[in-house]
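**Student:** Please construct the entire structure, taking both the sequences and the accompanying hints into account.
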Amino acid sequence: MHCPRCGHPLHWRKPNSLSRTWALIIAAYILYIPANLLPIMQTRTLLGSQDDTIMSGVIFLWTSGSWPLAALVFFASIMVPLMKLIALTLLVISVQIDSRWQPLQRTRLYRLVEFVGRWSMLDIYVVTILVALVQLQALAAITPGPAAVAFGAVVVLTMAASITFDPRTIWDPIGDSGGR
Amino acid sequence: MGPYDLSRPLALTLTALVLFVIANVYPMVMMEVQGTRITTTLLRAVHELWLKDVQLVSALVFVTVMVVPLVQIAAMLYVLVPLSFDRVPPRVEFPLRLFQVARPWGMVEVFILGILVSLVKLAHMAHVVPGIALWAFAALVVVFAAIGSTFDPLRVWSHIGARH
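These protein sequence lines map, in sequence, to chains A and B. Letter 146 of the first sequence, counting from 1, is numbered 146 in the numbering used here, and no numbers are missing. Letter 104 of the second sequence, counting from 1, is numbered 104 in the numbering used here, and no numbers are missing.
Hints may be right or wrong, so weigh each one.
What the hints assert, rightly or not - Just the calculated beta-carbon pair ranges, DEER-fashion:
hint, chain 1, residue 1, chain 2, residue 2, range
1, B, 132, A, 10, 31 to 37 Å
2, A, 105, B, 101, 26 to 32 Å
3, B, 37, A, 96, 56 to 62 Å
4, A, 173, B, 100, 25 to 31 Å
5, B, 154, A, 49, 51 to 57 Å
6, A, 173, B, 39, 29 to 35 Å
7, A, 99, B, 100, 26 to 32 Å
What the hints assert, rightly or not - Residues of chain B clear of chain A, computed beta-carbon distances all greater than 12 Å:
hint, residue
8, 25
9, 28
10, 81
11, 87
12, 93
13, 118
14, 136
15, 139
16, 145
17, 147
18, 157
To be verified - Every beta carbon over 12 Å from chain A, so not counted as near; a handful from chain B, in silico:
hint, residue
19, 11
20, 17
21, 86
I should point out that these hints are in silico values taken from the structure, not numbers from a laboratory. Quick reminder that beta carbons are idealized off the backbone N, C-alpha and C, glycines included.
**Tutor:** What follows is the structure, encoded as structure tokens:
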């Protein structure tokens, strides 16, 4: 079946939605661990060097008095990726077992995941700007840590997972929905 | 549905192009340390990351803040400019589909927040001033939101269908 206008192939449901989403979620779970445990950046000054994980960056913002920003970074970098992974896992399992439980709420959850996921890129951008600016030879220098790669991958993988998941499959077990 | 007025999305797209250039040419942040002034543009920041051996992260920033918005602007111009002269560009389905596929990966609004967080973090070690690019990026987000509500591929298709 093809679109009469642009000729693109059409599908009733996104092809291989479940297995693709599973693969992306599992990869994201694995990378979530180094993303949070390893340092995301290293600050070297005259006084010594300091490794910062995502969480210690949040704590730094909190103790230095900018607590609204600390809350924001905590939400975007720690809460959102974790909640997103849990929500996607819940959605995929519920579709897999043909659950009829709260389809409307699950669809809303999916929309939320789709909307909020992009904001986890925040920390990646902060590291980019800090690394570019703070290169003061002997005085101070910031270098990116290994967690930056893992964290970036988690954001991309979870975004891809929410794109491959087909919210229509939530409604499939509920009676006549047009066929699979 | 009335005739689709192309001039509004076209004007917004051209505005977005100008803002995009400004946002990429001018510095994002200015920092003063011991009398010397340090600035950085987006492209230089991406380049710096690349040299620091985190090419994946560098590519991710490059794609989400530069490539995707530029691709979206180019796709809209490719469709809108010939259509406003009453011509259908060849393979018009490709840019229209590209526009939709690229949309979730453009993250300029998150990037602005990233600049703001960096400013706060740097304020502890030096005197920092937001650069022109920050304002251009902010304006770009507003213009992109306006484009989102006026550039509708469905309406573009019915415009093409009605005339050709």
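**Student:** When the hints from earlier in the document are held up against this structure, which numbers fail?
**Tutor:** 1, 6, 9, 12, 13 and 18
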